[in-house]
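S.K.: Could you put together the complete structure from these sequences and hints?
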Amino acid sequence: MLTLWKLSRTYNHNMSKRLKLETKKALLKMVHSSNCNQVNNVCSGTQNSEHNVIYLPSPVTSEQDNKEYSAIKLPNGLTALLISDVTNIVSLDNDEDDFESNSENEISENEDDSEGELEEDTDAEQGEKLAACALSIGVGSFSDPEKIQGLAHFLEHMIFMGSDKYPLENEFDNFIKKSGGSDNASTECEYTTFYFDCHEKHLFKAMDIFSNFFASPLMKKNAMQREREAVEAEFQMALPSDSNRSMQIIYSTASSANPVHKFMWGNLKTLRDGIDDNELHESVHEFKKRHYSAHRMTLAIQARLPMKTLEDWVIECFSSIPSNELPADNFKTSSEYFLTEKFCKLYTVEPVKDQNSVRLTWVLPPIVDLYKSKPLNYISWLIGHEGKGSLSSYLQKNLWALEVGASCGEDGAEQNSLYTLFSITIYLTTLGLSNLSQVLTSTFEYIKLLKTIGPSDRIFKEIQLMENIGFKFKAEINSADYVESLVEQMQVYPSTDYITGNDLYFEYKPELIEEFLNKIKHDNVNILLLSKLSASKVNLEQVEPWFGTKYNVSDIPSKWVQSWKDVEVTNKFHLPDPNPFITSNFILLTPPNNKTEYPDKIYEDDVIELWYKQDSTFKLPTAIICLQLISSMPHYMPHNAVMQDLLITILIQTLAEEVYSANMANLQYSISPSEKGIVISVQGFNEKLNCLLQTIIKYFKSLSSEVSLGLFNAMKENQRKDYYNKSLKSNNLARDTRMSLLLQFYWTSVDKHNAISSISFQAFQQFCTSYLENLNLQCLIQGNISKEEAIKICLESKDNLQCKPLLLNTFPEIRVCQIPTGKRYCKVQSFNSNDTNSVVTNYYQSGPKKIKDHCICELLILMMQEPLFDTLRTKEQLGYDVSCTLRDTFGILGFSVKVSFQIDKFSADHVENRITLFLEGFLKKAKKMSKEEFQEYKETLIKLKQSSDIHISEEVKRNWEEIKVNEYIFDRRNKEKKYIEEITLEEVCKFFENQIQVGNNRGRIISFQVIGHKKQVDLISNEKSIDQDEIDCDKPLKTIFHGTENLDHIVNIQNYKQSLLFHHINKVD
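Under our numbering, the first residue of the sequence shown carries the number 13, and numbering increases by one thereafter.
Hints are supplied without guarantee of correctness; some may be wrong.
[Said to hold, decoys possible] Derived Cβ-Cβ restraints for the label pairs, each shown as a range:
hint: 1; residue 1: 535; residue 2: 628; range: 58 to 66 Å
hint: 2; residue 1: 1077; residue 2: 812; range: 49 to 57 Å
hint: 3; residue 1: 823; residue 2: 940; range: 47 to 55 Å
hint: 4; residue 1: 1002; residue 2: 811; range: 53 to 61 Å
hint: 5; residue 1: 465; residue 2: 596; range: 21 to 29 Å
hint: 6; residue 1: 814; residue 2: 921; range: 51 to 59 Å
hint: 7; residue 1: 985; residue 2: 1077; range: 21 to 29 Å
Hints are computed from structural coordinates only; laboratory data are not their basis.
Just so we're clear, the structure is a prediction, and the values are computed from it rather than from any experiment.
All C-beta atoms, glycine included, are put in the ideal place defined by N, C-alpha and C.
M.R.: Structure representation (structure tokens):
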């Protein structure tokens, strides 16, 4: 896939600011030490004479990171980072036959020591983790030939199509998915990344297949058409994205010397229509030969294996990749990268979504080599601040903006070795749009404040210290995500900074901050206004050729520029105040005498139940608090559901200024709707976590009296737009249609859009007051918090909410329809007339869930996912997104098969028919599956059930789901493991056959289809397609169904549901 990923991520605000003096000194000493160790990789490396491997300086790691790291350079120039999870070494003694290597003895020799460390460093429970491997190559879309734009992306797809040693096109995907893993790839501007994960048992074989893609790929001519279609499908899915569309306009202002002017996505126009197949085949091989050289590759691998084993395997698998020692393309030029006559303009762009935003962009020097001081990150941090005295706070108080963001690059097209695109994006209200000149002048006033005050040593040290704290207590992340990010950072940083280079601030360079501030001027900015309302008032005479985006370009009004130049700094802005949420106590609680594996209910009354577990696994000074407010009010009427959504968005908006400091101090919160009400969750350092929770509750309690009419109207308008925009997306519409039919009460985005206009300010105020009168509360507290403190937090929350319990007959109940036997179709028209993207989701309902049936369905999905993808996506090229999913709809079990496709290539009927034929064919193959192969699937699923939680939030999420659904089966995975061991192939096939075969009281199937619009004539319907320009987002939306109402076609969901039975509420025992 083509991804939008930056070389150096924007500064993370989720950090804390102050430590006790002793901790601060220790951290500063750590950073000073890392600074002193920055040396040239090769010169400081030591050499292994046996394999001619050079050992590079190891990366600086966090004190909490118990993994071992080794950086090496192979003789062919490939640089590798080996990561051994030494606290959890696994044995491969029983799996010798799976490896074509002589490394098994090394594993057994180190086993005893590893087990001793395991007993000391973990709490007796040894869970499964997946090993992961990633490889990045220092070439990307910037190197596309002018004649074949998108070639780098196309090569990323082609490289997986077999190798000399492993010639089968789908062998790798099949092997990885059968092993319970996954694989993916992405193309950036200056690098391309490939990665996979799997169990250690299969790691060497996976590495061998993987490495041969780069050593000797086949890339046969007969595979080109399929992969061109995949690239085209990927582009079509990206086509409706306003972000992609607007950035393509900015890239079009680039000079011919700037490689970003090329169309980096690639599509059929660039990869088929404009080039002969022979030339394309020759070019993709030549591109690979020129650029896929070992000396431009970085590799990272993480596994629960000894370091010596990892090193041997990397040497054995990746040493054969050829190296041509050719330099990378050099795109640096003395001429300008963006043409002034095109760039410094006002672009008014017609968006797909209903939105108002303005983006200010400056072209600045590259910052990749300035990672130690991060001057532009410092500036982004201040401009994007949301606390008191900030630009965001001022604009929000005037009801001009909902959010302000500042970024020094969202992806490689914005931040690279040539330049940096620094942007300030302001998400406007309609009032803000009408006061755009004042919004922009205020922005330049804040920039002038930063220039006038100059760089602040206090601010920099706070940022530096908070990043150090965040790094010290950084939680472990998924191994695949980790190695993927590392190989990309290895393309940029020296080996000592592979891990720290992206995050830490090593040195204060005020002169660099001043230099960049002085380049952010009033006369070198580009303005891009994304607004339907503004676009309707100008002549959209320009059309961007690739995405077809209509826009107007004009000079920035001279009076605007003059006002920016002459702006004076007033007292409405100031630098951030000291942070009241800073954590100073990082002490861990003494482990309890009686450790519990699962949460215990430690308090209950007529209003609240509290579940609690003290952490003894992750050993971090953090905690998570989850609080569900159960209410019947939003459940049965769309107007109430809308008012709950408004309550949440307005609450978040009013909280922004107060709790932004908490976010900076590594305390995070979320307020979201749930099936039964509202969930408030807070997580981070535990010392002041309750302070954050009670602040949220305080604002919640006073919301009805504190909210203003102006804020209500602004957020109501924004909420209406949000419903409208969600309705435009085919995947959202498909889910809404499915859930609307399955649930007794479910309000779609269309329902909510049509209901919101009638909601008054007074009705909303009354709703907020009534909402808190009667509630039931469920709470889970896990982490570094004592039992006594947990009860105190629970009771304080209840007292501050001041609510009475729900009456028994008002407790919300979620009922699911029982689909009749047979097969039916529910087809709806997409609301976006410019979008060809369509979706077919075949849903197969089983019945009330039992744990064993759930395991059978999981096994079925595991067995089916790869052949499904290979058949419908790789071979038949129906669409880019092909998947099968287990569906647990409030206790009712089923599964679905989904294909996202373009309607101008296939009809929905054709896609649905191919799904049906695949399932019938797969059933026949499944019945013939060998016992050995079926046993492999069972073992893979068991290993997935045994997977260790990487961080505490994974454990909390699983426990919280049990509490929310009132099932409390916290040991569910252990129960499932026992059932999986007993399941037979016959049981899986019988379950599958009962779901997909119609007749004899079997097969409860509905095919949900969202029909996109053909680019010219919509042949699915004789009616004229909806013209996007005719849709008034202020008026009610109407879902258009296809087909004639009969036994097979559903054209009115509410009428159809009236004839259905509902399942009883199902709870698994």
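S.K.: The structure should be examined with respect to each hint, and the outcome stated for every one.
M.R.: How the hints compare with the structure:
no., hint, result
1, 535 / 628: 58 to 66 Å, "60 Å, holds"
2, 1077 / 812: 49 to 57 Å, "31 Å, violated"
3, 823 / 940: 47 to 55 Å, "49 Å, holds"
4, 1002 / 811: 53 to 61 Å, "55 Å, holds"
5, 465 / 596: 21 to 29 Å, "28 Å, holds"
6, 814 / 921: 51 to 59 Å, "57 Å, holds"
7, 985 / 1077: 21 to 29 Å, "24 Å, holds"
When the structure is compared with the earlier hints, a violation turns up for hint 2 alone.
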